[in-house]
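Engineer: Protein chains in written order, with the numbering used here: chain A, 1 to 191; chain B, 192 to 791.
Worth flagging that the hints you see were computed from the coordinates, not collected in a lab.
As the structure is a computational prediction, the values presented were derived from the model and not from experiment.
Please note: incorrect hints may appear among the correct ones.
Distance condition first, Cα-Cα at most 25 Å in a straight line; then the derived SDA-like pairs of lysine to any residue [as the list claims (entries may be wrong)]:
| id | chain 1 | residue 1 | chain 2 | residue 2 |
| --- | --- | --- | --- | --- |
| 1 | A | Lys20 | B | Thr729 |
| 2 | B | Lys761 | A | Pro113 |
| 3 | A | Lys87 | B | Leu529 |
| 4 | B | Lys727 | A | Glu180 |
| 5 | A | Lys3 | A | Leu17 |
| 6 | B | Lys396 | B | Ser322 |
| 7 | A | Lys3 | B | Ser322 |
| 8 | B | Lys339 | B | Glu404 |
| 9 | A | Lys3 | B | Lys761 |
| 10 | B | Lys739 | B | Lys761 |
| 11 | B | Lys339 | B | Tyr373 |
| 12 | A | Lys177 | B | Thr729 |
What follows is the residue order along each chain.
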Amino acid sequence: MSKNIVLAGVGGQGTILASKLISAAAMKRGMEVETAETIGMAQRGGSVFSDIKIGDDINGPLIGRGQADLLIAFEPGEAVRQLPFLKKEGACVVSSRPVEPVSSLIGMSSYDPAAHIDYLRKEVRNLTVIDTDRALSEIGSSKVLNVLLLGAALASGELGLSAEDIVMALHERLPEKLWEINERALNYGNK
Amino acid sequence: MGNEAIALGALAAGVNVAAGYPGTPSTEILETIAKRRTTDVYVEWSVNEKAGLEMAAGASISGARCLVTMKQVGLNVASDPLMSLEYIGVEGGLVLVVADDPGPISSQTEQDTRTFGMYSKVPVLDPSSVSEAYHMVQEAFELSERYKTPVILRPTTRIDHGYESIEIADHEEYKNNSPAGYEKDPSRWVIFPRLSFKNHALIEKRNEKLSKEFSRYSRNFIRPADGYDGRKAIATNGISYSYTLDALSGNACPEILRVATPFPFPEELAVSFLKDKDEVLCIEELDPVIERALIHVCGKYHLDVRIRGKLTGDIARSGENSVDSVKEAVSGFTGIGLTAASEPVAPPDLPVRPPVLCAGCPHRASFLAVKKAMEGQKCAYCGDIGCYTLGNAHPLDMTDTCLCMGAGINMAQGINRVDPETKTFAFVGDSTFFASGITGVINAFYNQADMTLIVLDNSTTAMTGHQPHPGTGQTLMGDVVEKVSIERVLKAIGLTTVVTADPLCFDQAVETVRRVASEKGVKAIIFKSPCIVRFKPTSPKSSVDSDKCIGCRKCINEAGCPALIIKDTKAFIDPSLCTGCALCEAICPVGAISGGGHNE
Chain A
1 MSKNIVLAGV GGQGTILASK LISAAAMKRG MEVETAETIG MAQRGGSVFS DIKIGDDING
61 PLIGRGQADL LIAFEPGEAV RQLPFLKKEG ACVVSSRPVE PVSSLIGMSS YDPAAHIDYL
121 RKEVRNLTVI DTDRALSEIG SSKVLNVLLL GAALASGELG LSAEDIVMAL HERLPEKLWE
181 INERALNYGN K
Chain B
192 MGNEAIALGA LAAGVNVAAG YPGTPSTEIL ETIAKRRTTD VYVEWSVNEK AGLEMAAGAS
252 ISGARCLVTM KQVGLNVASD PLMSLEYIGV EGGLVLVVAD DPGPISSQTE QDTRTFGMYS
312 KVPVLDPSSV SEAYHMVQEA FELSERYKTP VILRPTTRID HGYESIEIAD HEEYKNNSPA
372 GYEKDPSRWV IFPRLSFKNH ALIEKRNEKL SKEFSRYSRN FIRPADGYDG RKAIATNGIS
432 YSYTLDALSG NACPEILRVA TPFPFPEELA VSFLKDKDEV LCIEELDPVI ERALIHVCGK
492 YHLDVRIRGK LTGDIARSGE NSVDSVKEAV SGFTGIGLTA ASEPVAPPDL PVRPPVLCAG
552 CPHRASFLAV KKAMEGQKCA YCGDIGCYTL GNAHPLDMTD TCLCMGAGIN MAQGINRVDP
612 ETKTFAFVGD STFFASGITG VINAFYNQAD MTLIVLDNST TAMTGHQPHP GTGQTLMGDV
672 VEKVSIERVL KAIGLTTVVT ADPLCFDQAV ETVRRVASEK GVKAIIFKSP CIVRFKPTSP
732 KSSVDSDKCI GCRKCINEAG CPALIIKDTK AFIDPSLCTG CALCEAICPV GAISGGGHNE
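Kindly produce the complete structure, drawing on both the sequences and the hints.
Structural biologist: In structure tokens form, the structure reads like this:
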């Protein structure tokens, strides 16, 4: 099996942890993994992405256009930004909650999140839009967006991993007091 | 991570001493050494790259294996010792890891350390993958000791920050290197013109020999063509080699020359590669190093081969390569039909997201205090390298210049020298102040400048991930040491006005700026408030009383804090981002925001 996965978001949203959970879970299953992450200036509120390649015969971590099986987006506009990397038949999981940039708040650019969700609905056949505000308030934590999205990625059938794999990685990476809330988020997304 | 692999490779090679200065994308190398070292390995964050390399030169003379890490522009700072060190040579293996940043993604320049290697005559190794970086750093130590020369390992961002599953050596398999200690030998270690003359000739001879040796080095190789029988071929290196294989996977593939030692260039290997070719496409990032070397070889050996690449416009002259850019170039070059991804339907306007200061960042308050205090006066705000470079983003718009580490101080001096009507300010962070700000202050003070120095002291090296520095009282070895006081340094230089203030006590901060800036000469304000990412504030968060809020947007338009958004025409504070710095409370004209307030 080989899988190419792109994570897209805004610096500070927790994309790196999500990427590490996927890689750790895949490696636990004995699969080869290569990833690339945005580290540096863009981590301060800029657009960030992580590329993850799982499988044999990987040539470098970066994914070419039209090569990703799955796009996990933490924000509608960032989903659209990375959409060219998704295969025609690929799956996309996206959080409905926009992160409005300062540049548009002060009128120096424009951003219409609803138009982005509409665009995704037209362009992506296998699309899951997570109502993030509702989900996080039902789960009871505003800090588990990344794991909630991983849950939805499991449900899309394109992650190539099981819920148990991700739970094992969670236990490895997080302190015990955070296991329960994160598992709840994972299950909420994976239904 | 590639940087972790480099660190683990250096440890496996028995490194004794490691030093460097933080800089993206190189930072995690030293952090990993610090975490994974055995107790007899010494590691330090040096105040800058020059200090780090000089310390390592002394350690190497005493027989230690030394690793010095930096980003590409860090090598500019360390270039003085490096140029000379190449002439006197080393004893214990000395490897510099210099991380290049095509794009650039987090750097001021797109300079190419392979070119720097050529200029300084220092051999350069250039890995194509994480696992290769792990092995090549070990080979670099061997090479350094065999030829008594510093050696550069040059990864790029995609290697440094790429992750790969690799096999590594156990502790018991680490090479055990016990330094022999210092022995007096001025005939070797004192650089006089006569010694330089003699050694220069030896260096040139050695590099000729290395070029021959590198033609047989297993990491320089010719990958045979696969299903392709034309007379065209590809020459490539580093991450571009991976892109090339990825772009051509499942298709016919021409012969590929993979170059892992851009300097000295493996000339004999190149001749055997070129002899039956008509055309070669060079796929590389930054400078056309391989391309120029192949053109040189063609001229020298009278080979009739057309060399294409950056100089012929087949490969972009600036920026990163990608699988897709390589696909396009290779399709055009060989005629092998590689399917490009279909163009997507035009999307709506994408959000514009330049990086910004974090919600609650004390730098925002410092910038705003200066902006408010100097309202209506002609000012120049000279910025510097660090998180606070982001002070240039609107609505703050408080960084007018930024050149290189520490440059803002003397740029402020120069602007005011030519244009005395303009009041000049230099903003410098605490780590940058220690790295290369102090000499600037001395220069400005000695030469009678008229300017205000603003030290943004957040007690850490924030942009690169919170490394300690001389002002923090902690070392990378984990020792608690005496703090170097910025205030006392400035007073010792001779500044009479040095005021330390908390920028989050906003009204007082504005008043301090007004008072200090009106004085003559070089004067300083140290805005001291810890980085909120490193030292999470516990203060209560601010919130907006939507009945009182008049929707004037003044808070958003002045502070530009990411926690402030508009909900139903009123300001709203995202509680998951707010740190309670209360800056917006000081800005609101109708007192609609309250509840925050940091511990005073």
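Engineer: Confirm or reject each hint.
Structural biologist: So, going through the hints one by one against the coordinates:
1. For the proposed pair A/Lys20 and B/Thr729, the alpha carbon gap of about 29 Å is over 25 Å, so the pair is violated.
2. Distance restraint check for B/Lys761 and A/Pro113: the Cα-Cα separation of roughly 19 Å lies within the 25 Å cut-off, and the hinted pair is therefore satisfied.
3. A distance of roughly 16 Å separates the Cα atoms of A/Lys87 and B/Leu529; the hinted pair therefore holds under the 25 Å criterion.
4. Restraint check: the Cα-Cα separation between B/Lys727 and A/Glu180 comes to about 24 Å, which is no more than 25 Å; the hinted pair holds.
5. Of the supplied pair hints, the one linking A/Lys3 and A/Leu17 holds, its CA atoms being roughly 19 Å apart against a limit of 25 Å.
6. Note on B/Lys396 and B/Ser322: the hinted pairing is violated, with a Cα-Cα distance of about 32 Å set against a maximum of 25 Å.
7. Among the hinted pairs, A/Lys3 with B/Ser322 is consistent with the structure: their alpha-carbon atoms are about 21 Å apart, no more than 25 Å.
8. A C-alpha spacing of about 16 Å is found between B/Lys339 and B/Glu404, which places the hinted pair at or below 25 Å, so the restraint holds.
9. Proposed proximity of A/Lys3 and B/Lys761 is contradicted: the alpha carbons are some 45 Å apart, above 25 Å.
10. As the CA atoms of B/Lys739 and B/Lys761 are separated by approximately 10 Å, the hinted pair is consistent with the 25 Å bound.
11. Between B/Lys339 and B/Tyr373, the direct Cα distance comes to roughly 16 Å. Compliance with the 25 Å bound is thereby established for this hinted pair.
12. Among the hinted pairs, A/Lys177 with B/Thr729 is consistent with the structure: their alpha-carbon atoms are about 20 Å apart, no more than 25 Å.
Consistency with the previously given hints fails for numbers 1, 6 and 9, ordered from lowest to highest.
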